[in-house]
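Asks: Here's the letter readout for the chains.
2 protein chains.
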Amino acid sequence: MPLSSAEIASALATIVGADAVVSDTAKMGAYLNEPRKRFHKTAAAVVTPPSVEALQAVVRWANENHVGLIPQGGNTGLVGAQVPLFGTEVIVSLARLDRIRSIDTAAGVMTAEAGVILENAHRAAEAEGAMFPLWLASQGSARIGGVLSSNAGGVNVLAYGNARELTMGVEAVLADGRLYQGLNALKKDNTGYDLKDLLVGAEGTLGIITAATLKIFPLPEDHETALVNVASPEAALDVFQLMRQRLSSRLNAFELIPHIGLDFQLRHGMLDADPTASPSPWYALIEVTRMAGTEPGALQSALEATFEKSLISDAVIAESLADRTRMWAFREQMSECQSKEGASIKHDVSVPIAAVPALISEGSAAAERLSPGIRPVPFGHMGDGNIHFNFSQPAGADPKAFMSQYDEALHEVIYDVVLKLGGSVSAEHGIGQLKTDLLKQVKDPVALEMMRAIKTALDPNGILNPGKMLGFEPS
Amino acid sequence: MPLSSAEIASALATIVGADAVVSDTAKMGAYLNEPRKRFHKTAAAVVTPPSVEALQAVVRWANENHVGLIPQGGNTGLVGAQVPLFGTEVIVSLARLDRIRSIDTAAGVMTAEAGVILENAHRAAEAEGAMFPLWLASQGSARIGGVLSSNAGGVNVLAYGNARELTMGVEAVLADGRLYQGLNALKKDNTGYDLKDLLVGAEGTLGIITAATLKIFPLPEDHETALVNVASPEAALDVFQLMRQRLSSRLNAFELIPHIGLDFQLRHGMLDADPTASPSPWYALIEVTRMAGTEPGALQSALEATFEKSLISDAVIAESLADRTRMWAFREQMSECQSKEGASIKHDVSVPIAAVPALISEGSAAAERLSPGIRPVPFGHMGDGNIHFNFSQPAGADPKAFMSQYDEALHEVIYDVVLKLGGSVSAEHGIGQLKTDLLKQVKDPVALEMMRAIKTALDPNGILNPGKMLGFEPS
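Protein chains in written order, with UniProt numbering: chain A, 1 to 475; chain B, 1 to 475.
These are calculated hints, taken from the structure and not from any lab test.
Zero decoy hints are in this set.
Derived EDC-like pairs: lysine to aspartate or glutamate, alpha-carbon spacing no greater than 16 Å straight-line: (1) K215(A) - E165(B); (2) K443(B) - D416(B); (3) K440(A) - D416(A); (4) K215(B) - E165(A); (5) K340(B) - D263(B); (6) K400(A) - E341(A).
All of these numbers come straight from a predicted model, not from anything done at the bench.
Bound-form chain A, shown alone:
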């Protein structure tokens, strides 16, 4: 006989105190309302444990009583992993575990609890002259636990890696309430299986991350940033390869932007000036770091080489912080500018880097066949093969009709192209509840079975974020 919401809330209040439990649905808005506005189930309760020990007690109780728990950070996730699927789960907010436990710039590590807001992690590192190089649009709200559970990326994956690569160790509460203590500042440690990389990116289904040891890096003294004119995604790829050859890991960012993005942003007054050198069908935003004690000019020198090879036709290098800020605004406003042009259908996909031009051309052609006049707006992390392959409705179309007619059909068409090119249907955002069916369709069945076996082994009662990611529960 499953417990009622009232029984659940009451039991939790006994464990962590009534002030750490939200039982009134009317007060749960901040925890239930997710960014996509797609998922609307309620929760049995929300609990905000003030400590790791309190969280362990909650999980032990939930495991004994077969109550589903949904770990939540900043509620910024885009696939509904952090909000209810069934309506009977308890949301566990990690927000009160918000301490920076330690920073050691010499060792290049910072230990932060799961509830630390990403932007605060940045500030803590900068206060010590270092940086935690993972930047997301949502960093003012996203918290470390969620960033790691979704293996978030960002524009600097090219130089510094994604969340998994930036995490050295984690501490996590397991399904039975025991604490896995893997906070590890060791770069070399071959004493058993890699549990850290299993827990990171598991979307809260194998353990609730409570703290992590993160890599921090020396602050560059400066950045060199340019907006470069390229004729096509193929040309952009050639430029990327030359940049990588010459600059190696000083290459901080390589972002592809289509001209339509500039149109949209200028038309709607989103830029104080045109950041580009001159009109071009495509642009590449390129950035290089410069460390203290090294000479400036590496980017300029590399651009001259691309110009000599006729890979680019024009370029502008940022000469001031205002220039650099404007160039990055041009890139960061790409999603927002689409919303000013009606409805849009989005895809978070990746392909092998060399297949990015094919993804864009074949995907755009397929979309045009499906919906004549549809406006492709592909942009993003070309150096990672991760393109935000978005489509704006035809100009003048009815937004609701467009979405209801084409949303699913276009997803199918684009995912077909992606899979044919050996790509991923979820490059950054994860599976959550949005893509559980899709995962079952497209993922290698042997891999799915391994994952189910691991889930069953580590969470036999299926209480950790039930139904998310694998869309499967052990019991």
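Fit chain B to the supplied structure of chain A, relying on the hints for placement.
Replies: What follows is chain B alone, placed relative to chain A:
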């Protein structure tokens, strides 16, 4: 009723053909004789499958018949993971799966089968103007499958990462003979649990790796190498931090070497000339990469800064390939030079980087208390916190007596110091059969239980490298 060796060999011959089975113990030497000369059990048979499908058939049969399988690459492992523990296992050599399946320098990936010799992987990348930056002393024999199964490191982990970090995806035969097809050239792919990082470093206990997609990098145009005089490990640590601050990931290597190593090597004629600038109690071998199109002098400039801060007293920068070769020989001959000075006791340990000076001073003091006159010879990857903390016998002592009296006692003393400093008792070499008991003693019990649960889930009959690493079998 377990099968006899004859029955096993016969069954295998039926599956893969008699020419792929070695059943005569007298002909198994190459597979049984491991580098440490510590493990002497025989095998029921050795099988050399010519293809992935043949290997799958072998594993299916072994799983149905409860026969233990030991995957083996180049037989260079140092903890006995690749040789029998019980004497009834079948060694499965991956040597015949030795193709480079593909190289794509634009995408920065190379797919190599498990039997590819590491040195051949280097050559294949170099033929395309790229490099696979994982260098081991054993690279002329070590094979990719073993390199990955042990998560091997090397001197360039500082700049490029260890085997796990250099692997993008793997293909592996699972315990039931099914093929996990995770060869993945995608940098960003959030579609499920990270199975790749679970299989890498699992020492063949969760799956038999048959191929891997490896990261390759643009070849640097040049290296800048220096041998620097430092007063102490503490001073070396300060130098390391300054180097890292200025050079970031262009810092290719930072190796600590004690003066006693120079003594040993010069005394035994192992160097054609003294590679150092002048006498010093400690040396740091520092190397920086220079990419095409960038200015030389970054190392010199950084060294000048260390000199101004009085962190170093003298230095010599390599001016020729001969200089560079001699400096690296000085480092690479450290293990060998000890063997010319009698018996030595070795430890493959790591601590947080900032604790390296404490490891060396406390470990040396403890060793001296245990065995007066013992000669500490600590050297290695300071930038990773991984010191090969070796001890040469007192001059003139009887080698056999020294080893029998102090081998275990010194391990205990040094591991105590390592664990107290938050370190690892196996930084690089893994657990195999050498350190199974030690792992059970020192590892977090919750972590061990998670590992056993995962092992049971993925290999319920316990046929994959039984008894290795966890020293535990499911059935």
